[in-house]
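Q: Using the sequences plus the hints, can you model the full thing?
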Amino acid sequence: MEKVAIYLRVSTKEQAEDDKFGLPIQKEDCKNFCKNKDYEIFNIYTDEGVSGSLQNRKAMNQLFEDAKSGHFSKMIISKYDRLARDLYLQMWFEKELLIYNIEILSVHEDFAGQDPMKVMMRQMMGMFAQFEKSRISDRLLSGRIHKRGRGGFIGGQEPLGYFSIKGSKKLYINEEKVETVRRAFELRGIGSLTKIAATLNMEGHTTRDNKAFSAMQVKRIYDREALYLGEYEAPPILV
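Its first residue numbered 896, the sequence shown is counted upward by one per residue in my numbering.
Hints are not guaranteed to be accurate.
Unchecked claim - The calculated DSSO-like cross-link candidates involving lysine-lysine, where the alpha carbons are at most 30 Å apart (straight line), are: (1) 1013 - 1072; (2) 922 - 1072; (3) 1114 - 1013; (4) 922 - 953; (5) 990 - 953; (6) 974 - 963; (7) 1090 - 990; (8) 930 - 969; (9) 1013 - 990; (10) 922 - 1090; (11) 898 - 1013; (12) 898 - 922; (13) 953 - 1114; (14) 974 - 926; (15) 969 - 990; (16) 990 - 1072; (17) 974 - 953; (18) 953 - 898; (19) 1090 - 1072; (20) 974 - 1013; (21) 963 - 922; (22) 963 - 953; (23) 930 - 953; (24) 898 - 932; (25) 898 - 974; (26) 953 - 926; (27) 963 - 926; (28) 990 - 930; (29) 932 - 963; (30) 1090 - 974.
Hints are computed from structural coordinates only; laboratory data are not their basis.
A: And the structure:
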């Protein structure tokens, strides 16, 4: 039985939960495809809530490592835009995997192989995916600029120490978490993020979900320092 790898990706946290081609749908499509083709699934690699660039894709990097070791002969994706919404990146992925004799198969697009016509069709799909990515980015940016002009919060999930009311588009101070944020900044510089997280936990501070802090959650507080200082700017858009 031929072994294959399944690769799943969504590009933002919102898509990870809500997209019609979100992770559960992609996974189901790919598993059914493998079952119908009598493929054995070596592993399912999932990049959740990441942009298209390779350095952000931990699962894809692991997939390449396993490809080098010859663990599978095909890579299954739901659609080519799950591989990348950038034509250059899509072509790069294809060429790199071909080095290890690994073919990419799309569940919803039957253009596998090196026939010139099929290669052209894949490249055309890549061009359209890149065009659509640019259109989405433009629409999101326009919406953010409009919200900013009305004084609305445009940064996604509220930072620790704040909450929002649906429809208000404003941030309100969460008094229960103010001291936690203040303490986190007081501890900045005493050591690693892991040490700071351990100190916060030892002192009884908790996250927005009333759970223990991790190093990454401490980093998120520091990453939003501009907002706490009143110097907030919208973050870059990842599609």
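Q: For every hint, state whether the structure bears it out.
A: Here's how the hints hold up against the structure:
Pair hint residue 1013 plus residue 1072 does not hold up; C-alpha atoms about 56 Å apart against a cutoff of 30 Å. This hinted pair does not check out: residue 922 and residue 1072 have alpha carbons roughly 38 Å apart, beyond 30 Å. Between residue 1114 and residue 1013 the alpha-carbon distance is near 45 Å, which puts this suggested pair outside the 30 Å criterion. In summary, the hint linking residue 922 to residue 953 is supported, as the alpha carbons are separated by about 18 Å, within the 30 Å threshold.
Between residue 990 and residue 953 the CA atoms are separated by roughly 19 Å; this keeps the pair inside 30 Å, and the hint holds. The suggested pairing of residue 974 with residue 963 holds, with an alpha-carbon distance near 23 Å, which does not exceed 30 Å. Distance hint between residue 1090 and residue 990 is unfulfilled; the C-alpha atoms sit about 43 Å from each other, more than 30 Å. For the suggested pair residue 930 and residue 969, the alpha carbons sit about 14 Å apart, so the restraint of at most 30 Å is met.
Proximity of residue 1013 to residue 990 is assessed by CA-CA distance (about 15 Å); at most 30 Å being required, the pair is judged to hold. Of the supplied pair hints, the one linking residue 922 and residue 1090 is violated, its CA atoms being roughly 37 Å apart against a limit of 30 Å. At roughly 24 Å between alpha-carbon atoms, residue 898 and residue 1013 fall within 30 Å of each other, so this suggested pair holds. With a CA separation close to 16 Å, the supplied pair residue 898 and residue 922 stays within the 30 Å bound.
Between residue 953 and residue 1114 the CA atoms are separated by roughly 19 Å; this keeps the pair inside 30 Å, and the hint holds. For the given pair, residue 974 sits about 14 Å from residue 926 by alpha-carbon distance, which is consistent with the 30 Å threshold. Note on residue 969 and residue 990: the hinted pairing holds, with a Cα-Cα distance of about 13 Å set against a maximum of 30 Å. Only pairs whose Cα atoms come within 30 Å are accepted, and residue 990 paired with residue 1072 is rejected, the gap being roughly 50 Å.
As the CA atoms of residue 974 and residue 953 are separated by approximately 20 Å, the hinted pair is consistent with the 30 Å bound. Of the pairs offered as hints, the one joining residue 953 and residue 898 holds, with about 21 Å between alpha carbons and a cut-off of 30 Å not exceeded. Our distance criterion of 30 Å between C-alpha atoms is met by residue 1090 and residue 1072, whose separation comes to about 20 Å. Of the supplied pair hints, the one linking residue 974 and residue 1013 holds, its CA atoms being roughly 15 Å apart against a limit of 30 Å.
Our distance criterion of 30 Å between C-alpha atoms is met by residue 963 and residue 922, whose separation comes to about 24 Å. In summary, the hint linking residue 963 to residue 953 is supported, as the alpha carbons are separated by about 16 Å, within the 30 Å threshold. For the suggested pair residue 930 and residue 953, the alpha carbons sit about 26 Å apart, so the restraint of at most 30 Å is met. Distance hint between residue 898 and residue 932 is fulfilled; the C-alpha atoms sit about 11 Å from each other, no more than 30 Å.
At most 30 Å may separate the alpha-carbon atoms for a hinted pair to count; residue 898 and residue 974 meet this at roughly 20 Å. Between residue 953 and residue 926 the CA atoms are separated by roughly 21 Å; this keeps the pair inside 30 Å, and the hint holds. Between the alpha carbons of residue 963 and residue 926 the distance comes to roughly 23 Å, so the proposed pair stays at or under 30 Å and holds. Distance restraint check for residue 990 and residue 930: the Cα-Cα separation of roughly 27 Å lies within the 30 Å cut-off, and the hinted pair is therefore satisfied.
Note on residue 932 and residue 963: the hinted pairing holds, with a Cα-Cα distance of about 24 Å set against a maximum of 30 Å. At roughly 42 Å between alpha-carbon atoms, residue 1090 and residue 974 are farther apart than 30 Å, so this suggested pair is violated.
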